[in-house]
Amino acid sequence: MSSHAAAVTHQHQFDDAAQQYEASALGMWVFLVTEIMFFGGVFTAYVAYRSAYPEAFGHASNHLDLTWGGINTVVLIGSSLTMALAVHASQIGKRGTLVTCLLLTMLLGSVFLGIKAIEYADKFHHGLVPGPAFHYQGADAHQAELFFSLYFAMTGLHALHMIIGLGGLAVLVRQASRGRFSPAYHTPVELFGLYWHFVDIIWIFLFPLLYLVERHT
Amino acid sequence: METVAPRRDYLNADYGVRSWLLTVDHKRIGLLYLGSITLFFFLGGLFALLIRLELLTPGPDLVSADTYNKLFTMHGLVMIFFFLVPSIPSVLGNFLIPMMIGARDLAFPRINLLSWYVFIVGALFTLFAMVTGGVDTGWTFYTPFSTMASNTNVIPTALGVFITGFSSILTGLNFIVTIHRMRAPGLTWFRLPLFVWAHYATSIIMILGTPVLAITILLVGLERAFHLGIFDPALGGDPLLFQHLFWFYSHPAVYIMILPSMGVISELITCFSRKRIFGYGFVAASSLAIALLGFLVWAHHMFVTGMSVYAALIFSFLSFAVAIPSAVKVFNWTATLYKGSVSFEAPMLYALGFIGLFTIGGLTGLFLATTGVDIHVTDTYFVVAHFHYIMVGGAIMGYLGGLHFWWPKISGRMYPETLAKVAALILFIGFNLTFFPQFVLGYLGMPRRYHVYPPEFQVLNVMSTAGASILGVGYLLPMLYMLWSLRYGALAGANPWRATGLEWTTPSPPPTENFPQTPVVTQEAYDYEEFPLQEVPVV
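Protein chains in written order, with this note's numbering: chain A, 1 to 217; chain B, 1 to 539.
Simulated from the structure, these hints should not be mistaken for lab results.
Every residue gets a Cβ at the ideal spot worked out from N, C-alpha and C, and that includes glycine.
Listed next, with one range per pair, are the computed distances between beta-carbon atoms:
id, chain 1, residue 1, chain 2, residue 2, range
1, A, 160, B, 309, 39 to 45 Å
2, A, 91, B, 12, 41 to 47 Å
3, A, 138, B, 317, 41 to 47 Å
4, B, 234, A, 74, 35 to 41 Å
5, B, 110, A, 183, 23 to 29 Å
6, B, 180, A, 107, 34 to 40 Å
7, B, 190, A, 51, 40 to 46 Å
8, A, 96, B, 180, 35 to 41 Å
9, A, 68, B, 180, 41 to 47 Å
10, B, 42, A, 91, 52 to 58 Å
11, B, 12, A, 131, 54 to 60 Å
12, B, 21, A, 182, 31 to 37 Å
13, B, 110, A, 92, 27 to 33 Å
Stretches of chain B that chain A covers, calculated by requiring three or more beta carbons in the stretch to come under 8 Å of a beta carbon on chain A:
id, region
14, 179-192
15, 204-214
16, 218-228
17, 231-242
Model the full assembly from the supplied sequences, consistent with the hints where possible.
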């Protein structure tokens, strides 16, 4: 592996670095399409049951903590900002700024997961985790259980993507601090940015669907 | 045999197990897939053999009802997920797409190797589930049976299918990027071989459909493990939601199996008619049309579930619409034959067999798209016969035809032609004897997935089992003589068929980098009128 930033190389199957970049970028976009289809399955299930049991879902969603959810939304949008700044820093070749922005993104991502863990612990404490221990005060306990099943499935899959993202960020920090990226070659930072924004956008849909829509007390 | 210093090619570029298991050469990865899916094909065939033996007599003599349930489940799982879905794309597509577009490799060679490893890991999970007791849900994993009732190894099997799906996704992603970004100078979209178009359409299905299967299977696993209730009516869940999600992938998956085969047939028909394809644009576009329409017909698997009549009408109509692009292909192939210099080498026999069998399979699909008829034959052997005509008569015929056609390129050796023609004939006869009686059985009302049946169905079942044993011989033959040809076959030369296409401009077997220098394309595909049948000596 070349550690010299100026040496812009490309793999043997490509004719030049430009072709390699275009292929990698298209590959990332295609991958994100598969991710949309993957999440599409649970979103479909959510839409089906939300429209079948609007009342029960409305009541159940009231058990989610708006404050924590709201803070987390801000935290995640903030991490998208630091990620965008990281991509910009890599384009203009500022190694120090790049590393700082990547570390900030990691920090905000970890804060998000921390808050998510607090929320999960709270649900566990109140017996809102589906399964034998599920304990719900209200008329539509079964349908509420369905809501929490979907809640855990959707936010859990999202959190899994965040954890994978943190791993990716750690690799990028290591490479960036070794001077692997330059204005001529920063494809991994840019493509990882796409992934990070995608995970963000998933949350931008999850938050209103699970926390905000039609809350009933 | 002459003893000249061996030319460097992808086979002798390096030796040893490591050089194969860590290779990033698309040709070697294609061969890794060839080896693994051949093993699975024979495993799936073994299950089929046991099923047919049990059905030789009306009574339960060979296996118990439970074992029989496991046998047809594992036959379906192995054949679909571990043989048919990867077959042509992962073996022939992997080997040929970079060569057909004049590239040195796929866009992401390491992801290509990763997809093989993912495939193997998924396969090991499924094999583990089979060895430790098997699974009896049918390959469809229908809920709530799979989530609440079945006491077999559902979770490890589901995990295996889930993991293998990612291999399919990665292959599709690699093909799409490669076809977009790696074409040689002058190789415009409308100069691409139709094999490449077919794989492009297949890859779109792989990346759009497979993730939905992944999440669905994941939900089944979670539901079974933690009882989430998503598919459990007792908690307000809906088992039909599972069927919708499952068939959203699994119907398009049929096109993952048949489209690459159609791509192969376009190559074979043109080469052995010495003619350009009739209506290139229509054949190319029909692949995309099949891929897109294929996503809109899934609920025709669910006509008897009590779904809305209006929804059924629309899905019935759309299912009929798929017949249009399919018929475009069949008519254009036959129009290509017209006034061509047709010759009947073994690959061509497979291609002609494909056209006939696919037509029967496709037309009986229209019976099933008709809601009234479908209700009569749902879950009978009519359905079994229909999809075997598409998958075995169509997809596997195309796969074997393609394997014969490109075998000289892959191995550098010719297979024994007479024996291959005999095998193709045996397969055609064996296939029809196996599956045609099943149309009749289904129409008469014999349900699928039972290990016993009323005695009046025995004659047709005996015919089917007899046909299956002929079919078995037909499959063993190519495997044996192809292995034989690796050592004793005549040397093939660069272009034994005098075929057009960049893959034939490079030596057989090709060097690791495929082409000494990047080729420049100045012609349309299938320019057979301008292409001499006699080999011009290379100076």
